[in-house]
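Let chain C serve as the given structure and place chain V on it in line with the hints.
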Amino acid sequence: GENVEQHPSTLSVQEGDSAVIKCTYSDSASNYFPWYKQELGKRPQLIIDIRSNVGEKKDQRIAVTLNKTAKHFSLHITETQPEDSAVYFCAASIAGTASKLTFGTGTRLQVTL
Amino acid sequence: DAMVIQNPRYQVTQFGKPVTLSCSQTLNHNVMYWYQQKSSQAPKLLFHYYDKDFNNEADTPDNFQSRRPNTSFCFLDIRSPGLGDAAMYLCATSRVTSTDTQYFGPGTRLTVL
Chain C
31 GENVEQHPST
41 LSVQEGDSAV
51 IKCTYSDSAS
61 NYFPWYKQEL
71 GKRPQLIIDI
81 RSNVGEKKDQ
91 RIAVTLNKTA
101 KHFSLHITET
111 QPEDSAVYFC
121 AASIAGTASK
131 LTFGTGTRLQ
141 VTL
Chain V
36 DAMVIQNPRY
46 QVTQFGKPVT
56 LSCSQTLNHN
66 VMYWYQQKSS
76 QAPKLLFHYY
86 DKDFNNEADT
96 PDNFQSRRPN
106 TSFCFLDIRS
116 PGLGDAAMYL
126 CATSRVTSTD
136 TQYFGPGTRL
146 TVL
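These protein sequence lines map, in sequence, to chains C and V. The opening position of the first sequence corresponds to residue 31 in the working numbering, with each subsequent residue numbered one higher. The opening position of the second sequence corresponds to residue 36 in the working numbering, with each subsequent residue numbered one higher.
The shape of chain C in the complex, shown without the other chains:
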C-alpha cells in the first residue's frame, strides 16, 4: 500500500518568515495530494490540494508543488502569521479505487512573534 513520509515533525519560524513542509510518497499511482491544517482539538481542514496533472498550485500565501518523478510534494507558506500555528498533514490517494487518504505523520508548525 501507499506510504507517506513527512518532514520535519516540528518547525518553528518567526512571524513573516516562510515555512516549507515536505512529503514523499511511495506509490506512483497516487494522483491526489491534499494538505490539511489541524488546530488543537479541532477538525482537519483542507487548505490546498493538487492533482498529478499539475506541478504547482497557489492560493494567496500558500502554495504546493508536486514532483511526480521524484514522488514528493511540498507545502510552502509565505509571510507566516501566528494563526498559521497548527499541525499540518499531507496525504496521498490513488484514483480509481475504493481508496483512502494515506496521511503523513504531521508537522507541528509554531510561528513565533
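Worth flagging that the hints you see were computed from the coordinates, not collected in a lab. There may be inaccurate statements among the hints.
Facing chain C, from chain V, some residues (calculated, C-beta under 10 Å) [said to hold, decoys possible]:
{"hint": "1", "residue": "M123"}
{"hint": "2", "residue": "D135"}
{"hint": "3", "residue": "F139"}
The list that follows gives simulated cross-link-like pairs (lysine-lysine, DSBU-like), each with its CA atoms no further than 30 Å apart [to be verified]:
{"hint": "4", "chain 1": "C", "residue 1": "K72", "chain 2": "V", "residue 2": "K52"}
{"hint": "5", "chain 1": "C", "residue 1": "K88", "chain 2": "V", "residue 2": "K79"}
{"hint": "6", "chain 1": "C", "residue 1": "K88", "chain 2": "C", "residue 2": "K98"}
{"hint": "7", "chain 1": "V", "residue 1": "K79", "chain 2": "C", "residue 2": "K101"}
{"hint": "8", "chain 1": "C", "residue 1": "K87", "chain 2": "C", "residue 2": "K98"}
{"hint": "9", "chain 1": "V", "residue 1": "K73", "chain 2": "C", "residue 2": "K72"}
{"hint": "10", "chain 1": "C", "residue 1": "K101", "chain 2": "C", "residue 2": "K52"}
{"hint": "11", "chain 1": "V", "residue 1": "K52", "chain 2": "C", "residue 2": "K87"}
{"hint": "12", "chain 1": "V", "residue 1": "K87", "chain 2": "V", "residue 2": "K52"}
Source: prediction; values computed, not measured. Quick reminder that beta carbons are idealized off the backbone N, C-alpha and C, glycines included.
Frame of chain C; chain V shown alone:
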C-alpha cells in the same frame, strides 16, 4: 451551515460498555469515512461506505463496526471499548472517492474509564 455533524462531541464510557457515535451530513455525499485519531498522530482510517457498500480496513479491529441506514447518517459502534480505544473519532465525507475533497466533522472525543 454545518455540513458534517458529529454527536456527541464528547463521550465517556466505561471499559467494556458498548458505545455508538453518530455522524450526519448535509452534503449528499456518496462516501462517508470513519477515522480514529490518537494524540499527536495522523488520522487512521477505520472503514468507509461508498453508498451502501461497506469497506473495512484490514487492520481495523472487529470491536469496531459501522452502520449507514441512509445517505445522511453513519454510525460507529464500539462493541467493547478498551482503554486503547480512547481517541478522537472523526467522520468525513466526500463526493465520490477520496480523490475528491474529504470534509471532516468536528470529531467525537471518546474517553474510556
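Results of checking the hints against the structure:
no.: 1; hint: M123; result: holds (8 Å)
no.: 2; hint: D135; result: holds (8 Å)
no.: 3; hint: F139; result: holds (4 Å)
no.: 4; hint: C:K72 <-> V:K52; result: holds (26 Å)
no.: 5; hint: C:K88 <-> V:K79; result: holds (28 Å)
no.: 6; hint: C:K88 <-> C:K98; result: holds (18 Å)
no.: 7; hint: V:K79 <-> C:K101; result: holds (22 Å)
no.: 8; hint: C:K87 <-> C:K98; result: holds (14 Å)
no.: 9; hint: V:K73 <-> C:K72; result: holds (13 Å)
no.: 10; hint: C:K101 <-> C:K52; result: holds (11 Å)
no.: 11; hint: V:K52 <-> C:K87; result: violated (48 Å)
no.: 12; hint: V:K87 <-> V:K52; result: holds (27 Å)
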